[in-house]
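Undergrad: Build out the structure end to end from the sequences listed, making use of the hints.
Offset between the sequence shown (1-based) and the working numbering: plus 848.
One or more of the hints may lead you astray.
[Claimed, not checked] SDA-like, lysine to any residue: derived pairs with alpha carbons at most 25 angstroms apart: (1) Lys1072 / Asp962; (2) Lys1046 / Ile1032; (3) Lys864 / Arg1122; (4) Lys876 / Leu949; (5) Lys1021 / Lys876.
In short, the hints are calculated from the structure, not lab data.
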Amino acid sequence: MTLASQHTQSQAVSVKLLLAGGHEYTLKLNSDAPLLHELLTTLVDRSQSQRSNFSGLFQIPVNEGRSVIYFPSEHLLGLVTEPPIFLEPVEEIQPEPKDNLVSRYVQIDNFLTDEERDRLLNYVFQQEKAFVSTNTSTDALDYRRSQVLYSFPNFSELIVNRIQAILPDIISKLELPPFPISQIETQLTSHNDGNYYKLHNDNGSSDTATRELTYVYYFYREPKPFAGGELLIYDSKIENNYYVKADSFNTVEPRNNSIVFFLSRYMHEVLPVRCPSRAFRDSRFTVNGWLRR
849 MTLASQHTQS
859 QAVSVKLLLA
869 GGHEYTLKLN
879 SDAPLLHELL
889 TTLVDRSQSQ
899 RSNFSGLFQI
909 PVNEGRSVIY
919 FPSEHLLGLV
929 TEPPIFLEPV
939 EEIQPEPKDN
949 LVSRYVQIDN
959 FLTDEERDRL
969 LNYVFQQEKA
979 FVSTNTSTDA
989 LDYRRSQVLY
999 SFPNFSELIV
1009 NRIQAILPDI
1019 ISKLELPPFP
1029 ISQIETQLTS
1039 HNDGNYYKLH
1049 NDNGSSDTAT
1059 RELTYVYYFY
1069 REPKPFAGGE
1079 LLIYDSKIEN
1089 NYYVKADSFN
1099 TVEPRNNSIV
1109 FFLSRYMHEV
1119 LPVRCPSRAF
1129 RDSRFTVNGW
1139 LRR
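TA: Take a look at the structure:
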């Protein structure tokens, strides 16, 4: 879901939260603040009855950071903004033909303990200078913008062991037959302001052909310092004996401390990230990789 307001320049906005039970709370935010975008997206997604039925938890620092207000997303009933922010109407997506193959994915929350996630974050902050620019197997220009760290042995082992522990449940939920695993690949990726990854799949070349499952583990600072960076997983159709993308797709929100699994042959993309501070520690971080058959 893409939101667009009538205001193109950042400005201060008074935002009144209307919560279940008649509760109200007023925040002062900039019109381009990631938190404001997330609040608006929550309301728009619910009104559009999208396929995702995620119930998230907002954690918003108040009183100059001396306290925090917590509430589940389903308790957000409305927003009052001053000056007003008007959203442009979004064109309704027409249903896809029934012969499309629906892409399945599994997203699991609380993949690591809070202590493990915090240790991983602190490690990443210390490794900022070790990150390098990403590329693609085809060396295409302007196709992918992000930073990557290829070696992080202690945390790589932690992620792999945790994946192996839950893999039978993942295979079952994706309705896949069990398959022998020869390798679980890992890399650590940072997406900052303006970073993205255009439409692609993960096993379309000779050296990636044995990739069966793709996974992405999301982690970042709280409160969430960026907006965007959603993962779009496209449904498929078969043309000339090849899987190609359909026009319909699932939108996967980068929920903190969650991991998502999907078939590596699915076409997918990462939408651009908006990170007003542009600070490395405010990036959308992932440990992502592939399970090879």
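Undergrad: All the hints need checking, so say for each whether the structure fits it.
TA: Each hint, compared with the structure:
About 15 angstroms separates the Cα atoms of Lys1072 and Asp962, which keeps this hinted pair within 25 angstroms; it holds. The suggested pairing of Lys1046 with Ile1032 holds, with an alpha-carbon distance near 24 angstroms, which does not exceed 25 angstroms. About 23 angstroms separates the Cα atoms of Lys864 and Arg1122, which keeps this hinted pair within 25 angstroms; it holds. A C-alpha spacing of about 45 angstroms is found between Lys876 and Leu949, which places the hinted pair above 25 angstroms, so the restraint is violated.
Annotation: proposed proximity of Lys1021 to Lys876 is violated, straight-line Cα distance about 42 angstroms (limit 25 angstroms).
Hint compliance for this structure: hints 4 and 5 are not met, and every other hint is.
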